[in-house]
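K.L.:
Respectively, the protein sequence lines represent chains F and W. First residue of the first sequence? That's 1 in my numbering, and the numbers climb one at a time after it. First residue of the second sequence? That's 609 in my numbering, and the numbers climb one at a time after it.
It is possible that some hints are incorrect.
One side only, chain W facing chain F, incomplete, derived with CB under 8 Å [as the list claims (entries may be wrong)]:
(1) E654
(2) E655
(3) R663
(4) F670
(5) L775
(6) V780
(7) A783
(8) N799
Okay, the calculated beta carbon distance ranges per label pair [stated by the list, open to error]:
(9) F:D89 with W:L789: 53 to 61 Å
(10) W:W714 with F:G304: 21 to 29 Å
(11) W:R802 with F:E416: 47 to 55 Å
Since the hints were made in silico from the structure, they are not lab data. In this text, all values refer to a predicted model and were calculated from it rather than measured experimentally. For glycine and all other residues, C-beta sits at the position ideal for the given N, C-alpha and C.
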Amino acid sequence: MTAQAQIAPSQTGAAHVEVCNLCVTVRAPDGSALRIVDDVSFAIPRGEVLALIGESGSGKTTIALSLMGYARGGARIEGRIRVGDATLDGTESASLAAQRGNRITYVAQSAAAAFNPSRRVMEQVIEPALIHGTASDAEARRHAVELFEALSLPDPAGIGSRYPHELSGGQLQRLMAAMALITRPDLVIFDEPTTALDVTTQVEVLQAFRKVVRDQGATGVYVSHDLAVVAQMADRILVLNRGRVREQDAVRAVLETPADDYTRTLLAAARPVVKAAVPAPATGSPLLSIEGICAGYGPVDREGRAAHPVLSDVSLHIGRGAAVGVIGESGSGKSTVARVVAGLLAPTAGTVLLDGQPLARSLKDRSREELRRVQIVFQNADIALNPAHSVGEILGRVLRFYEGISGHAARARVAELLDLIRLPAAVATRRCDELSGGQKQRINLARALAAKPDLILCDEVTSALDTVVREAILELLAELRRDLGVAYLFISHDIATVQALCDEIVVLYKGTCVESGPARAYAAPPFHPYTDLLISSVPELRTDWLSDVGRKDPPRLAAPDDGGGLCRFLPRCPVAIAGRCDTASPPLRQLDSGNAVLCHRSQAELAG
Amino acid sequence: MDSLIRAARRLPLSGKLGLGLVVFWIVVAIAGPFVAPYPPGSFVNEEVFAGSSGRFLLGSDFLGRDVLSRLLSGARFTVGLSAIAVAIAASIGTGLALCAAVGPRWLDEILSRSMDTLISIPSKIFALVLVAAFGSSIVLLTLILALTYVPGNFRIARSLAVGLARLDYVEVARARGEGRLYLALVEVLPNMMRPLFADIGLRFVFIVLLLSGLSFLGLGLQPPDADLGSLVRENTSGLAEGALAIIAPAVAIASLTVGVNLLIDAATQGKAE
Chain F
1 MTAQAQIAPS QTGAAHVEVC NLCVTVRAPD GSALRIVDDV SFAIPRGEVL
51 ALIGESGSGK TTIALSLMGY ARGGARIEGR IRVGDATLDG TESASLAAQR
101 GNRITYVAQS AAAAFNPSRR VMEQVIEPAL IHGTASDAEA RRHAVELFEA
151 LSLPDPAGIG SRYPHELSGG QLQRLMAAMA LITRPDLVIF DEPTTALDVT
201 TQVEVLQAFR KVVRDQGATG VYVSHDLAVV AQMADRILVL NRGRVREQDA
251 VRAVLETPAD DYTRTLLAAA RPVVKAAVPA PATGSPLLSI EGICAGYGPV
301 DREGRAAHPV LSDVSLHIGR GAAVGVIGES GSGKSTVARV VAGLLAPTAG
351 TVLLDGQPLA RSLKDRSREE LRRVQIVFQN ADIALNPAHS VGEILGRVLR
401 FYEGISGHAA RARVAELLDL IRLPAAVATR RCDELSGGQK QRINLARALA
451 AKPDLILCDE VTSALDTVVR EAILELLAEL RRDLGVAYLF ISHDIATVQA
501 LCDEIVVLYK GTCVESGPAR AYAAPPFHPY TDLLISSVPE LRTDWLSDVG
551 RKDPPRLAAP DDGGGLCRFL PRCPVAIAGR CDTASPPLRQ LDSGNAVLCH
601 RSQAELAG
Chain W
609 MDSLIRAARR LPLSGKLGLG LVVFWIVVAI AGPFVAPYPP GSFVNEEVFA
659 GSSGRFLLGS DFLGRDVLSR LLSGARFTVG LSAIAVAIAA SIGTGLALCA
709 AVGPRWLDEI LSRSMDTLIS IPSKIFALVL VAAFGSSIVL LTLILALTYV
759 PGNFRIARSL AVGLARLDYV EVARARGEGR LYLALVEVLP NMMRPLFADI
809 GLRFVFIVLL LSGLSFLGLG LQPPDADLGS LVRENTSGLA EGALAIIAPA
859 VAIASLTVGV NLLIDAATQG KAE
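Modelling step: build the complete structure from the supplied sequences, incorporating the hints.
P.N.:
Shown next as structure tokens:
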């Protein structure tokens with residue numbers, strides 16, 4: 001590997017990055033000063049990676065940005081910061097602000113938003129080197145290709161000539177790392193670089209990042225809310241809460257012997273366990289049955305297929321009071337399932353039965369009672385709650401719409417609902433933009449509960465939340481299920497969350513159901529190869545996890561990608577069988593664990 | 609009320625200036641005719657194009673009428689007509705835009721294409737043709753001014769509404785079974801008010817200028833009524849002498865439009881932060 005030849009001799013001794021008594025102050029709306037970072041000190045030796053970890057609002061990004069001498073509008077930085085020989089106020093040799101993009105570089109959360117869609121990737125990756133004159137054009141291009149190779153990007157020599165929209169999110173994230181490393185910086189700041197990625201992609205990106213950071217001997221700051229991810233990347237961890245340092249130690253020490261209560265809370269929340277006892281769902285006829293649903297977007301052709309099909313032949317059943325989880329990567333069609341059940345998208349084939357009665361395909365043909373019994377809750381409470389209305393109005397509207405309750409009775413019921421979701425009744429007069437993310441998500445849930453539904457469709461309701469808040473919401477969901485007997489269709493990309501809450505899990509891949517069965521069967525193999533990939537991609541709370549994740553490349557098959565009845569996972573499947581998987585459609589196998597998998601491999605083979 | 613005063617305090621200096629001018633002209637439009645020293649149509653001075661004096665603060669016009677009195681009553685026409693016209697334009701434009709956003713696709717297509725057709729006709733020519741065809745009564749003039757600015761308001765409101773109608777909270781309301789009227793008026797409309805008000809303010813200025821322009825050409829308000837534009841026109845012969853009779857109404861139009869613009873700029877900037 002050429003990149004290895006350029007390792008800078010790592011010099012230890014005096015710390016490379018030094019931060020002393022850092023305070024960042026902003027003006028609160030009432031004019032008083034508000035400290036968002038309070039007396040934070042740390043040091044990073046050359047070649048080490050320090051992780052800043054904490055919930056949103058803990059000040060971790062603010063600290064990372066202040067290392068570049070940057071403060072968001074109206075904020076004031078105080079204290080001493082030194083990176084290499086640059087300081088905040090430029091007293092030693094240069095100011096931090098002047099080092100941006102050259103000696104100090106930044107990898108942002110959303111690479112898709114950070115690339116200019118109208119320029120080729122290579123031009124953008126080498127731009128920092130050219131602007132700061134650290135290398136000639138040819139030299140920078142050569143270095144970029146080496147970085148692409150070190151980051152395990154496909155076709156390192158050719159990928160630079162492509163446009164951002166031709167590349168996947170994981171690839172763009174790695175290209176952004178290449179852009180950050182092209183000037184051989186003194187410090188690289190990674191700001192939640194894998195948070196927006198699927199777990200399966202996250203593994204690849206993390207492996208690439210770790211390799212390149214070690215090869216280049218780069219000094220880094222890694223900002224994240226995910227302890228398990230940080231455990232793979234960092235040498236030391238700094239735990240932050242409300243702008244204060246709670247704990248600072250080597251990774252292993254923080255994970256194994258946390259000294260601070262807050263760290264212990266974070267550790268516990270990283271692997272959610274729902275404590276509320278949940279009764280076994282009643283057997284008998286299912287509450288909701290989805291049978292052979294096909295759906296998609298765009299115009300429907302004469303044979304009844306949508307121009308962009310998303311779901312093909314998906315079936316699932318939800319018992320009364322049961323919780324069924326649907327997992328899959330983005331693009332697997334899991335949200336489309338919820339939209340079809342809610343009536344927001346008319347399926348092109350198949351039926352949805354509520355209590356044995358078929359539901360009309362589109363909204364306007366459903367009765368108000370049918371609509372009331374199935375409620376949908378969306379992922380992002382910021383855009384799922386109307387900012388023009390107060391909480392009381394939002395909840396009150398549902399009561400008036402379905403039950404005709406208004407006035408005093410409605411106010412009493414709103415207070416009752418708020419109590420149910422553990423919020424004070426005074427919240428009813430507030431607007432949603434005055435509430436925190438977790439509170440908003442509770443209101444989002446309360447709106448569904450206001451209709452007294454039999455089934456709530458939860459579309460990624462915990463995905464945008466911090467781990468600690470996520471655990472509280474999961475706990476609330478389990479309690480509501482116990483107390484109200486409501487059933488859930490719980491959609492998530494995170495198998496740990498689904499396992500904590502659900503009785504049954506369905507795994508979707510590209511719109512087909514590849515595995516379904518009781519949640520406990522997902523604790524150990526045999527799995528469908530795709531389920532196996534999903535489960536093994538969830539980072540674990542130990543430092544050597546990333547090194548242990550072995551990735552087998554799929555065998556090379558001369559598979560005609562006809563999109564017909566063949567297994568959809570075939571192009572990525574590590575255990576595909578030539579001559580069988582690429583010629584016939586996979587059978588549905590019933591495993592002893594109770595799971596049904598769509599695979600050519602037998603139970604014994606899948607277990608091994 | 610308290611919050612309004614606080615919002616006004618927070619305006620930058622230019623915004624405060626704009627607010628002052630706008631409030632001033634609203635007061636003039638309402639109270640002007642009551643405080644005017646003379647009836648606007650009566651000939652009170654022997655001298656035409658007289659300069660400022662104790663009896664005639666802004667002098668006299670080309671027929672020897674009191675300019676101040678005519679200005680005070682003319683402001684009522686300019687501000688009042690324009691305000692009514694912009695209200696009609698915004699109601700029709702925004703109403704149609706909401707229909708397009710929550711209605712079926714074909715309706716959106718038909719509305720958008722017909723508005724595109726209307727917008728492609730220059731507004732001044734369009735107004736001239738309509739005035740030529742139907743004459744210029746006050747009611748008709750108001751309708752013409754309104755109609756001219758419907759397409760522009762529709763464009764802005766539709767792009768706002770279509771964006772909002774895709775948001776999750778509208779989806780949730782749709783999934784609840786809410787009707788289209790509810791979606792449009794309760795879920796979408798309140799969230800587009802601020803940018804919409806900026807647009808309405810801007811259109812008010814356009815309408816003032818268009819009305820003044822039409823009146824200047826003699827196609828707007830007909831004598832004996834006069835708006836600020838007609839005051840400028842009827843006194844053009846005083847231009848060579850630099851008579852106050854032509855400068856005063858011109859300054860009035862300028863200060864009204866500049867004031868509204870300053871206020872809008874300040875108000876929309878405050879929102880962005």
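K.L.:
Min Cβ distance, E655 (chain W) to chain F: is it shorter than 8 Å?
P.N.:
At 59 Å from the nearest chain F Cβ, E655 (chain W) fails the 8 Å test, so the hint is violated.
K.L.:
Measuring from the C-beta of F670 (chain W) to each C-beta in chain F, is the shortest one below 8 Å?
P.N.:
violated, 53 Å
K.L.:
Quick check: does the Cβ-Cβ distance between W714 (chain W) and G304 (chain F) fall within 21 to 29 Å?
P.N.:
Once the Cβ atoms are compared, 22 Å apart, the range 21 to 29 Å for G304 (chain F) and W714 (chain W) holds.
K.L.:
Would the hint on E654 (chain W) be counted as holding, given a Cβ-Cβ threshold of 8 Å to chain F?
P.N.:
Nearest chain F Cβ about 61 Å off; hint violated.
K.L.:
Using the Cβ atoms, figure out if R802 (chain W) sits within 47 to 55 Å of E416 (chain F).
P.N.:
violated, 34 Å
K.L.:
Between D89 (chain F) and L789 (chain W), is the Cβ distance one that fits in 53 to 61 Å?
P.N.:
Distance hint for D89 (chain F), L789 (chain W) holds at roughly 60 Å.
K.L.:
Checking hints one by one. Is R663 (chain W) an interface residue toward chain F, by the C-beta closer than 8 Å rule?
P.N.:
Interface hint status for R663 (chain W): violated (52 Å vs cutoff 8 Å).
K.L.:
Hint L775 (chain W) vs chain F: min CB-CB distance below 8 Å?
P.N.:
holds, 5 Å
K.L.:
Taking 8 Å as the limit, does the beta-carbon of N799 (chain W) come near enough to a beta-carbon in chain F?
P.N.:
holds, 5 Å
K.L.:
Was the hint right that A783 (chain W) lines chain F, CB cutoff 8 Å?
P.N.:
It holds, given that the least Cβ distance between A783 (chain W) and chain F is near 5 Å, below 8 Å.
K.L.:
Mind checking the CB of V780 (chain W) against every CB in chain F and telling me if the closest is under 8 Å?
P.N.:
Cβ of V780 (chain W) sits 6 Å from chain F, so the hint holds.
Hint check: violations occur at hints 1, 2, 3, 4 and 11; the rest are consistent with the structure.
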